[in-house]
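Each chain, written out:
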Amino acid sequence: MVCPTTASSAERVRPDASTPLALRLVRLSKRYPAGDRALNDVSLGVPPGQVLGLIGPSGAGKSTLIRCVNRLVEPTSGQVFLGAGIAGNPAPGEIELTALGRRGLRRARRRIGMIFQEYALVERLTVMENVLSGRLGYVPFWRSWLRRFPAADIANAYRLLDRVGLAEQADKRADALSGGQRQRVGIARALAQEPDLLLVDEPTASLDPKTSRQIMRLLREVCAEAGRADDSGPGSGRGLAAIVNIHDVALAQQFMMRIVGLRAGRIVYDGPPQGLSPEVLTQIYGEEDWESTTADAGHPGVAPTRQAAGATQHHPGPEPPTDQSMAGAL
Amino acid sequence: MISDRRLRWLLILAALSYGLIALASIEVNWARAADGWERGLRFIGGFASPDFSSRWRDISTGLVESLTMTFTATVAGILISVPIGIGAARNLSPLPIYLGCRAVIALSRSLQEIIVAILFVAMVGFGPLAGFLTLAFATIGFLAKLLAEDIEEIDEAQADAVRATGASWWQLLDYGVKPQVMPRLIGLSLYRLDINFRESSVIGIVGAGGIGATLNTALDRYEYDSAAAILLLIILIVLATEYSSSWIRRRLQ
Numbered sequence: 020m021v022c023p024t025t026a027s028s029a030e031r032v033r034p035d036a037s038t039p040l041a042l043r044l045v046r047l048s049k050r051y052p053a054g055d056r057a058l059n060d061v062s063l064g065v066p067p068g069q070v071l072g073l074i075g076p077s078g079a080g081k082s083t084l085i086r087c088v089n090r091l092v093e094p095t096s097g098q099v100f101l102g103a104g105i106a107g108n109p110a111p112g113e114i115e116l117t118a119l120g121r122r123g124l125r126r127a128r129r130r131i132g133m134i135f136q137e138y139a140l141v142e143r144l145t146v147m148e149n150v151l152s153g154r155l156g157y158v159p160f161w162r163s164w165l166r167r168f169p170a171a172d173i174a175n176a177y178r179l180l181d182r183v184g185l186a187e188q189a190d191k192r193a194d195a196l197s198g199g200q201r202q203r204v205g206i207a208r209a210l211a212q213e214p215d216l217l218l219v220d221e222p223t224a225s226l227d228p229k230t231s232r233q234i235m236r237l238l239r240e241v242c243a244e245a246g247r248a249d250d251s252g253p254g255s256g257r258g259l260a261a262i263v264n265i266h267d268v269a270l271a272q273q274f275m276m277r278i279v280g281l282r283a284g285r286i287v288y289d290g291p292p293q294g295l296s297p298e299v300l301t302q303i304y305g306e307e308d309w310e311s312t313t314a315d316a317g318h319p320g321v322a323p324t325r326q327a328a329g330a331t332q333h334h335p336g337p338e339p340p341t342d343q344s345m346a347g348a349l
Numbered sequence: 041m042i043s044d045r046r047l048r049w050l051l052i053l054a055a056l057s058y059g060l061i062a063l064a065s066i067e068v069n070w071a072r073a074a075d076g077w078e079r080g081l082r083f084i085g086g087f088a089s090p091d092f093s094s095r096w097r098d099i100s101t102g103l104v105e106s107l108t109m110t111f112t113a114t115v116a117g118i119l120i121s122v123p124i125g126i127g128a129a130r131n132l133s134p135l136p137i138y139l140g141c142r143a144v145i146a147l148s149r150s151l152q153e154i155i156v157a158i159l160f161v162a163m164v165g166f167g168p169l170a171g172f173l174t175l176a177f178a179t180i181g182f183l184a185k186l187l188a189e190d191i192e193e194i195d196e197a198q199a200d201a202v203r204a205t206g207a208s209w210w211q212l213l214d215y216g217v218k219p220q221v222m223p224r225l226i227g228l229s230l231y232r233l234d235i236n237f238r239e240s241s242v243i244g245i246v247g248a249g250g251i252g253a254t255l256n257t258a259l260d261r262y263e264y265d266s267a268a269a270i271l272l273l274i275i276l277i278v279l280a281t282e283y284s285s286s287w288i289r290r291r292l293q
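If you read the sequences in order, they're chains A and B.
Residue numbering for the first sequence follows our numbering, beginning at 20 and increasing consecutively.
Residue numbering for the second sequence follows our numbering, beginning at 41 and increasing consecutively.
Since the hints were made in silico from the structure, they are not lab data.
Careful, some of the hints might be misleading.
A few chain A residues that face chain B, going by a derived Cβ cut-off under 7 Å, partial list only [stated by the list, open to error]:
#, residue
1, N89
2, F135
3, V141
4, L144
5, S152
6, G156
7, F160
Straight-line alpha carbon distances no greater than 25 Å define the calculated SDA-like cross-link-like pairs of lysine to any residue that follow [as the list claims (entries may be wrong)]:
#, chain 1, residue 1, chain 2, residue 2
8, A, K191, B, R291
9, A, K229, A, A269
10, B, K218, A, R126
Note that beta-carbon positions come from the ideal geometry of N, C-alpha and C, so glycine has one too.
Produce the entire structure from the sequences given, and follow the hints as far as they go.
Now the structure itself:
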């Protein structure tokens, strides 16, 4: 099952100069009016299909970083490029997000799905309306106002709800769902945008450990599936790139392909999950007894490698569940 | 709160002596008060035998006028308040629009209803039109301000989520903001309907039509039994609107 090429690519998670990128940050900085530098000269490239975990202590700039990508927070300096993701040829379709005007930004935001810590569903709307709100950038105001979305959008929304195991809940109000269910709606809403990139802000911070793992596994799966659905040609499967802010180190090690550690707005670690040694964690978070945490993640260097290898074969996670088991687990 | 004991006592003493001096400066005409005592008793006596019938025509016209005035002014007020309220919400509007809308709200709130009513009576003459204008104007200050504050207090994460999809400003309003503020907007509108009915009877006294004008006439004619009937009807209607609006607001949550 573990083929040598993918296993070695897990070791080299940092893209080299020839890798096409879905997202490129160039010397990105953000200084808040209060004066503190939340991001300090961050450069980062994310290739298509890579699920990147952003870890770091509170206030390290994780949230600021992903919000600077879709400019919910305006960066102070630096550039953000959204890549075309065409293998070997990223430049022509690349968009500089930081140079866009209001209109251009709205159009670009359609390609960037966002998933939030407290789900950020519109509580008083139905599950279906929430999923369809992912299409807002594509439909004119009057259509969205009258809730007359194109039939294809509605069919796709049902398909996505079915995919995340919530087909039965379409007409319920969002605030009637449990935390795990709400986050599934959040994922379906982001996918409804048919994005090239997912920005995921602490997706499991409000969830219990079991639900957290289900959500992370689902995220990995949908990122891998997106590529398959998109491209028809052989050897496709470029997948959906994602940046996932996460504060749970064990969870990050278990589900992420690549880890970027942020401390005080700077990147202090960038490498494979199995590289998170106690020394590295101390560098990211500061002095603490890390032995138990790293031991938790199983056998570093063995388990995560197998996982990363599995992911490129669209079997993320140690035991890939079926849709039925996902729905049943609710 | 004030740590110095002497200062604390000094302040209490100063406040007490100012209260006493101020109270002493009010002139009381005891003879007039004794006269009025009897008139007051007659007024209260009127409540024992309220007379609905002899002035019923005036009373019913006044009531219909008041209710019409209240309803139309509330609806017009809401229609004007909503855009102004959105404009006065700092998280949705650019600074110049925000300042303009806040100015309108401040103007509407700083002028008391009776003063506005006197102004409109002077402008458009006696009658319910002046009352309609007064109540609509007052509604703007109330509703637009509270709506703006409600919009400023929405859960920004929900709005951010809608923004992040590439939604336009109008779509943000429709999906990110409206669902969050709608129940409160409806509740406030119903509450304002209550207030407007009560106000309509007050501003009638200064000539802005409605049941207040009828009440004023009855009092001028010393017809305390008719006045009592009018007051009882006002109380009844206020109770009814208050009860029904609170019932509707409860159902909205």
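Taking each numbered hint in turn, which are not upheld by the structure, reported in ascending numerical order? none
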